[in-house]
Amino acid sequence: GAVVSQHPSWVICKSGTSVKIECRSLDFQATTMFWYRQFPKQSLMLMATSNEGSKATYEQGVEKDKFLINHASLTLSTLTVTSAHPEDSSFYICSAGGSGRAFEQFFGPGTRLTVL
Amino acid sequence: AQTVTQSQPEMSVQEAETVTLSCTYDTSESDYYLFWYKQPPSRQMILVIRQEAYKQQNATENRFSVNFQKAAKSFSLKISDSQLGDAAMYFCAYRRGSSASKIIFGSGTRLSIRP
Chain A
1 GAVVSQHPSW VICKSGTSVK IECRSLDFQA TTMFWYRQFP KQSLMLMATS
51 NEGSKATYEQ GVEKDKFLIN HASLTLSTLT VTSAHPEDSS FYICSAGGSG
101 RAFEQFFGPG TRLTVL
Chain B
1001 AQTVTQSQPE MSVQEAETVT LSCTYDTSES DYYLFWYKQP PSRQMILVIR
1051 QEAYKQQNAT ENRFSVNFQK AAKSFSLKIS DSQLGDAAMY FCAYRRGSSA
1101 SKIIFGSGTR LSIRP
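For the record, the sequence lines run as chains A and B.
For the first sequence, position 20 matches number 20 in this note's numbering, and the numbering has no gaps at all.
For the second sequence, position 88 matches number 1088 in this note's numbering, and the numbering has no gaps at all.
It is worth saying that the hints were derived from the structure and are not from the lab.
SDA-like mimics (lysine to any residue), calculated; alpha carbons at most 20 Å apart, straight line:
1) A:66 - A:49
2) A:41 - B:1010
3) A:20 - A:51
4) B:1055 - B:1030
5) A:41 - B:1107
6) A:41 - B:1113
7) A:41 - B:1043
8) B:1078 - B:1115
9) A:41 - B:1047
10) A:41 - B:1040
11) A:41 - B:1110
12) B:1055 - B:1099
13) B:1055 - A:104
14) B:1073 - B:1002
15) A:64 - A:89
16) A:14 - A:83
17) A:41 - B:1011
18) A:41 - B:1012
19) A:20 - A:109
20) A:20 - A:112
21) A:41 - B:1005
22) B:1055 - A:103
23) A:41 - B:1046
24) B:1073 - B:1025
25) A:41 - B:1008
26) A:55 - B:1100
27) A:41 - B:1089
28) A:64 - A:46
From the derived model, a few chain B residues whose C-beta atoms are all more than 10 Å from chain A:
29) 1012
30) 1015
31) 1019
32) 1029
33) 1060
34) 1064
Glycine included, C-beta positions come from ideal geometry on N, C-alpha and C.
Let the sequences and hints guide you as you build the complete structure.
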């Protein structure tokens, strides 16, 4: 299958700072990327869907000003957690989908964010 | 709205035995996909098996097979000859027909394998 990378894999930051997480599709063009959040022992909750060159669509209850998503190219999407607080500590996973109805979505390895 | 329900938070099976994980879903769409994903301790999501709603034949991937009951909106996963490496969190998931559609996940079933 196709490969999706995330960087960094683990980040620790101080409360009030901003953190950027990158999601890259390495061997295909990702027309759509998805950002999920996963708390310990829970399922993946979709935060937002982004299409290359357009604004992200956020799920209900997700603060768009706090979780900034940019899908600048067909291989890169970024999630910026602004003014992070301890409650933002979580595991963030991206997935990328290509064109074509049957195209599978591929998941990145995830980023563990710890806010002190 | 589409929903996916997994009613078994935890399951346990003896190595080499067969186990079935349950999943039900709700949708008014006719064009959709159903998936089972595995999430091992590394937390990398791994696609186990995929079923297209239009296909009546149940999908099979080596030791993994599904029982897709469209009318009942049921989609169970059978793991045959369970191996220690099968221990993981398993998520049932739904997606509308378009590849640009979001995936909706169930709450997950934690599968443990007894040696």
